[in-house]
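A.B. asks: Following the hints, put chains R and L in place on chain C, whose structure we already have.
The chain contents come next:
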Amino acid sequence: MTTLSGAFFGVIHRDLCIAMRHRGDLLNPLFFFLIVVTLVPLGISPEPARLAAMAPGMIWISALLATLLALDNLFQADFADGSLAHLVLSPQPLWLLVLAKIIAHWLVTGLPVVLFSPLLGLMLSLPDAGFLPLILGLTLGTAVFSLLGAVGAALTVALHKGSVLLSLLVMPLYVPVLIFGTSAVQRAVDGMSYGGVMAMLAAATAFTLLIAPFAAAGALKVGING
Amino acid sequence: MWQWFHKLGSPRWFYHISGKFLPWLALVSVVLIVTGVVWGLAFAPQDARQGNSFRIIYIHVPASFLALAGYYVMAAAGAVGMIWKMKLADMVMVAAAPLGAALTFIALFTGAVWGKPTWGTYWIWDARITSMLVLLFLYIGIIALSRSFSTRETSARACAILALVGTVNIPIIYKSVDWWYTLHQPATIKMTGAPSMHPDMFKPLLVMILGFYCFYALVLLLNTRTEILLRESRTTWVKELAEPK
Amino acid sequence: MSSQPLLEFKALTFERDDWPLFSDLSGAIKAGEILQITGPNGCGKTTLLHILATIQPINVGTLRWQGSDISQCRQQYLASMAFIGHKPGLKLSLTPRENLQWLSKLQPLNRCTSAEALVRIGLAGFEDVPCYTLSAGQLRRAALAVLCMTQARLWLLDEPLTALDVQGIADLESLLLAHVEQGGAVALSSHQALTNPAVRTLALDAVAEAQF
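Residue numbers (this note's numbering), protein chains in the order written: chain C, 1 to 226; chain R, 1 to 245; chain L, 1 to 212.
Honestly, the hints are just simulated from the structure, not real lab data. Where is the CB? At the ideal position from N, CA and C, for every residue including glycine. If a hint is listed, it holds; no wrong ones were tucked in.
Distance condition first, Cα-Cα at most 30 Å in a straight line; then the derived DSS-like pairs of lysine-lysine:
#1 Lys221(C) <-> Lys85(R)
#2 Lys87(R) <-> Lys161(C)
#3 Lys239(R) <-> Lys10(L)
#4 Lys87(L) <-> Lys161(C)
Here are some chain C residues pointing at chain L (derived, C-beta under 8 Å):
#5 Ala7
#6 Cys17
#7 Ile18
#8 His22
#9 Asp81
#10 Gly82
#11 Ser83
#12 His86
#13 Val88
#14 Ile224
Bound conformation, chain C alone (with noise of 0.2 Å):
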């Protein structure tokens, strides 16, 4: 008997095992992640007190530039050998089915940026403050950027070089999020209180949780034909 809940946590053991044997690739983004950050003091000025400054815009960017990097994963792998139709053609409903994707996708991509931030944030010399906001910003952040990803990304999963068009397309849909996340930590260290601006992130990522799955559910069944 299939069940709601079977297919759920169903799709989510499924691509985690996938995952799992593929540890490799887990890295992928974790390593960007990293070497971006490492760019930074090396292009622009290794000064504690510069690198400070710009310490929560650069770990935002790069946990940015890392998700879009991973979003590929999402549902090229499935189309590639046809189980994205398996899912399309399901009698369970698709958006609980692209849901799971996006959670087991976070927990492989976002969640290790989320936990590496704070070693980031020491190497740009972040103050002591700004170290909870980043953490707290960066999982409700990544989660829409997961999201929102999945959306672009179901819309391109059958094109040629649909990567580049993905980064293309989910650009702008991301930048609210930044400048949010972004805000929180600035505030936190320049000494003010972020919790209202923690709260619209979160209610972003509420509205975000709420609306994407439908969208990339509906953008799968087109996107799938090319």
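C.D. replies: Chains R and L only, in chain C's frame:
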């Protein structure tokens, strides 16, 4: 009422009807724009602070309005095409995308031209310019997506989805960029003096805005007619049109 | 057996890159029959199957399942239909058993256990090796194992004979015949004609018109 709506969906009917009032629309837009340009460039009084360089707003402001309005036209057409499966609406959406992108570029370019004599720099990351730039990326995304699919219907649906997602996001993006800018700049710099404009400067601006709206409608109709001809190129009525008389 | 067709399509038209693939195509699939769609490469066999499986939305034409328009009964249709596409639809890093376990979460696959299905399809001994180690023919068999387990009444198969050896083709034919004898229906596309006289053929020309 539904019959008229259905008739509206026929590309051939639309082509013939639009052909009839196209010349009038062209006349009205040309008259309005020429009036507005001459009035604004030659006859409107000089600005106290900016001198003559403010006159670029007669192009910049209407272009910005239409760049944003054009996005909503495109998204609305996409929604109609997706919900009612109307081919004509899809064609309007495809026609509106490059038009809107061009207007956004004009707005950015004229803004840069305005910026140099007025504030000493071609580019500044203020709320409006940054939002315009993001709007340009949204447009380019839609244009790129529309050319990537092999079937027209799939392409139209994909662009409609993207346009709708963008529509929901535009106010959010604008508000967040606006707020971001006020964080980093004291609010003393005013980018346009539109609310406190002298009526003599404002009237030609109104004429230009109206003229630009008419011009937008004109070019949108022309683009849509071209799109109709392209897509229906294998039907008899188009073949008859193309035959030399 | 009722004479009302299970699946009926009327006046289907499809264009790709502004070139018509097929136009005004009509037909029906009745319970107890195998419909074979033939035609040269590029004539639209896969597209037709995608349309029948509702992967590709219909732009012109209608599709009816047991008399009702597909848009009214899509959930019911999806539960009664099994589609196996040109690509195997299996995750290569998982084993055949794991693949079937995952697929059974998406659609009801409980006519037999995955172990029995894999034996019946000829993959005994290969249940627990990763799919990337299987040959093309074995991969195709693993993909077809779903058919042993599914409750679906209508099977839509795109080029199921690809990569199968002579034994594999015979096994598949007997599987299909057993299914239609119990009241199911099959539509499949292939280059090779099935030899069984019970098979009806729908030929798609390279030039956008169907003879039926």
